[in-house]
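Here's the letter readout for the chains.
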Amino acid sequence: MAAVLDVKGLQVRYGGVPALAEVDIVVEQGAIVSVIGPNGAGKSTLLNAIMGILPANASAKGQIKFEGAEFSGLSVEKRVFGGMSLVPERRELFGAMTVADNLLLGAQRLRHIGAANPMSQLDMIYQMFPRLKERHTQFAATLSGGERQMLAIGRALMAKPRLLMLDEPSLGLAPLIAQETLNLVSRLSETTSILLVEQNAKAALNVSDAGYVLEMGKVTAQGPAASLATDPRIIEAYLGVGKKKANPGN
Amino acid sequence: MNPTVALLLAQDGIATGAIYALLAMALVLVFAVTKIPFIPIGEFVVYTALTLVVIQANQVPRTVWLLIAAGCIAFITDIVAFVRERDRAASGGIAPLWLSAAQNLLLPAVIAAIVTMLSQQPRIMPVDMLMAVLIVVPLAPIIYRLAYQPLVSANPLVLFMVSIAVHFVMVGLGLNLFGPDGDRAEPYADWQLELSGQIVRGQVVMVLVAAVVLMVILYLFFARTVPGKALRAVAVNRIGAQLVGIGTATSGKLAITLACLIAALCGLLISPGVTLNYLSGELIGLKGFVAAVLGGFVSYPLAVAGAFVVGLLESYTSFWASALKEVIVFSMIIPILLLRTFASRSDMGEH
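Keeping their order, the protein sequence lines are chains A and B.
166 is the number that our numbering gives to position 56 of the first sequence; each next residue is one higher, with no gaps.
438 is the number that our numbering gives to position 343 of the second sequence; each next residue is one higher, with no gaps.
One or more hints might be untrue.
[To be verified] Some but not every residue of chain B turned toward chain A, in silico, with C-beta under 10 Å:
1. E180
2. G267
3. L268
4. A325
5. A330
6. T343
7. A344
8. T345
Just so you know, these hints were derived from the structure itself, not from any lab.
No residue lacks a Cβ here, since even glycine has one placed at the ideal position from N, Cα and C.
So that you can see chain B by itself, here it is in the shape it has in the complex (with noise of 0.2 Å):
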């Protein structure tokens, strides 16, 4: 290896790593509010990517579709729930089904509408993008309503087989909805960079600029904006945050669909540069939870550090040793988990 091939491999792996560090922290956040496991995360950075391959292409994607019918069956579910609690507490208008109408039928029928409308129209990439975010973000909270919001007092094993299904449904639609093949979507930064003789494309770039501006976003959310302080509320104390009226199941929901809009910000950045189809999304989320349990899944500082260990990691290992890349970056974990017992059985002895 020269110094050129070594530098360009660190290029590639800080530019993966970038967004790995993007979905460890939204791994991090989901848990630390709802204590939900979040395995469909990688998913959503999937459904992201083909969407906008799909769009263009100038055709209206399937995922429309599917917003379309989860947000029907959500709001069934809503309708069940309302008569249900009815029946106990007579109080309370109608006021919670208009809301839920409105998100889960009013919402994916206007995007479908937009979508269908434009994808004849000539458009500029952003608009594409947008367009791709708009579609699949709005399956975060049906998919959180439908599957974890039951399940609000489960402890986190139970969390975890229900993401360990809802995983294999979103990868099981993902191959009715995409197709078996792979694909990338266009490059949207063809330039180069020249530093000092290296070249340094635009797409590690603007992923780097783009993660960056990500973290400045989310950490101003967390610690200036009411809506920031209640999540982190709910991860501080969950028994406080209720008494004060922050409801977990308002939490969860938003949790989860700041998280997946980050994994779709994070589709659209990798789209170009990567091929991908229905199955991809769990290496690249297992990769972001390796990075999380890097960070103890309670650090954001620390689970960033982790994902660029890993994004690095899978870099050099893919030039030496190629076939065993995946291997290498998943046997990481087993030092780790070992280092954690091994510190943290301190306290355990106090128990």
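Chain A extracted, bound-state conformation (with noise of 0.2 Å):
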């Protein structure tokens, strides 16, 4: 399988304050990858950083390499065209707008490039959440915490992306939906890569191929999913189990 994001020696500096340290990953073609650690590890920084959008103080280094081709120093509209897509932790929908106007400016990318039909996605996107459909000519800004993640998933969506990015997906929503958000990633890798930034890092790796731990703005361990999710030392600090519970025999 071919690499679809090759991310190597990625350093995040905010003014002189370090917040990723030569940070490599990869996501291969297909895959679902989580990148999981505590609050302030950088992991919101990474995102951003591969997005192209770091606030004006932040300076980056490194190699953004998309379907071969070197992203690093390119602004964050051509990457969108290029193929990436991130729905941000904070949403950031068009709250003045309506549900269909958001679905509507988030096909610029195949307006961009000359697809034949570019309101193609519209429909998969009102079967995937009914919700939206009915919600159309409201207000983006009125609509309920769940109901925004849809929109700014179906937003994302709506580009037809090569790699979909997630930050915290699951951040404020009530459990129940959290779960369904999840189970919603793991249906939409059977048309785009993704790479998921989540806190809740068990029901993360459940639905993922790949993992990270970032901790300090370092790479502390990866691997596949599966063997994440069995590692000891992860179990204990980020699967929610208590230390004697889960080592007792250390």
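Quick one: dock chain against chain with the hints and give me the complex.
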């Protein structure tokens, strides 16, 4: 399998403060890769750096190869047109515009590359999220948390991305909806590769093919999701099982 | 003051108010999309009007040469930027440069050729007007490219200073292009209407009709078309817009060009009624600004309402206290700002 995304030696500094140090990450074609780690480890910074939306005071170095082409230094729009999509932690919807308009603008990439029918995805999105169809004339700002998340994912999918990046998709959602979102993520991998950042490490590793553990801006563990999920150190730190219970022998 | 005079002044006030309304809308649009307080908007009004005057005298306006020169500079800037980006990222072909050449070299050349060719031919007035707009409006994306695009993430204060600089450069160039004397264009509406005994000048009717038509077109553009919605999206959420591939520079260029098109049409509308010289843009632009401030720089309807207040105030003060006309109009901004400060104090406390 060819790598969709190949990040090597990615460094990010905010002002003088290092946030990421020499991070290497690979996403294979059609795979779901999750990045787990504590708050402040640099997970969101990683996704923002790959997408090119770091704040003005941040500087990034390193290689970001996307389907063989070097993407570091490109503008956000060129990365979007190339096939990257990010659903950011703050969703960044167009609150004062309707659900339908939010989705319409999600297809800018297809308009740019001259696709025959830029809105071809719309029916699929409405099928996936019937709620959005019901509310298509409503302003995005009036939606509930779960619906906003649906809209953010739907808007990203309107671009038919080659790589979908999701930053904390289950954050702030009720447990049942959060689980549904992650199930959805695993279905989406049929059409796109996925890089997932998730607080809920256990659920994330459950749906992923591979995983990375990010701590203090460094990758401290990586491997197939199944083996990470059984790694005693990771179970202890992130999978919410008590020390003594998990490793009685140590 | 008798009722006839009062009604005449009202007419004048409404007509100028309509012009300020269009300018205020253009300013709100640019600010919402780019955070640029676009001071030089008045210069676009004046450039168009004075270019029209020169065209009507069967001469080739010197703004044509400005357009060509500015286009060349923008093209060189694009080449430099292209070479720099290529160092960092080897992807992407030479296509952007072709696009830049078409926009910055070919388009001005074609416009210059058309204007030179037509300047000796007999023409009808709409052709003259179209030529003036064609010469002046393409300056807008070039100015955006040169002055604002390198500062795309700067804060409004920096953009404000750049705007002042652009304003002074355009005023200086205007003196060079048009000379120090004022002039007005030939009237496009010589007729008069009589409405229940009150005479309404054709010019006033045309300004109002044009303003309403333009506002409807703008509304449809923003409500119905994809580029219009994309501009709104940038205004609503800049990061969100970037994430769907609406480029900050692309949308900024579009917003400024649209604003300058509106300003150019204003220039055409007022050119027969007012004597304009190279300096007149400042006051016209600033009054659009006052109107936009009355609307809090965010609301189109409030900006339009504010513009009519400015227009009427100006008209009546020119009758009562013509020496203090400008002072009174600009002083109006003080109570408005005070009011807005007090009104917004309650939300300030929460931060």
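Next item on the list: May I ask you to test the interface hint for G267/B with respect to chain A, counting a Cβ-Cβ separation under 10 Å as satisfied?
Entry: Not OK, violated: G267/B not within 10 Å of chain A, min 32 Å.
Note to self: Next item in the hint list is E180/B. Is there a CB on chain A closer than 10 Å to its CB?
What the structure shows: 7 Å, holds
Notebook entry, point to check: Taking 10 Å as the limit, does the beta-carbon of L268/B come near enough to a beta-carbon in chain A?
Noted result: For L268/B, the interface hint is violated, since the closest Cβ of chain A sits about 31 Å away, which is over 10 Å.
Next item on the list: Grab the minimum C-beta distance from A330/B to chain A and call the hint holds if it beats 10 Å, violated otherwise.
Entry: 9 Å, holds
Checklist line | When the least beta-carbon distance from A344/B to chain A is tested against 10 Å, hint result | finding: With Cβ-Cβ at 8 Å, under 10 Å, it holds.
Item checked: Hint check: 10 Å Cβ-Cβ cutoff, T343/B to chain A -> Holds - the Cβ of T343/B comes within 10 Å of chain A, reaching about 8 Å at its closest.
Check: Does A325/B meet its interface restraint, that is, does its C-beta lie within less than 10 Å of any C-beta in chain A?
Finding: OK, holds: A325/B within 10 Å of chain A, min 6 Å.
Check: Holds or violated: is the Cβ of T345/B closer than 10 Å to a Cβ in chain A?
Finding: For T345/B, the interface hint holds, since the closest Cβ of chain A sits about 7 Å away, which is under 10 Å.
Against the hints set out earlier in the document, violations occur for numbers 2, 3.
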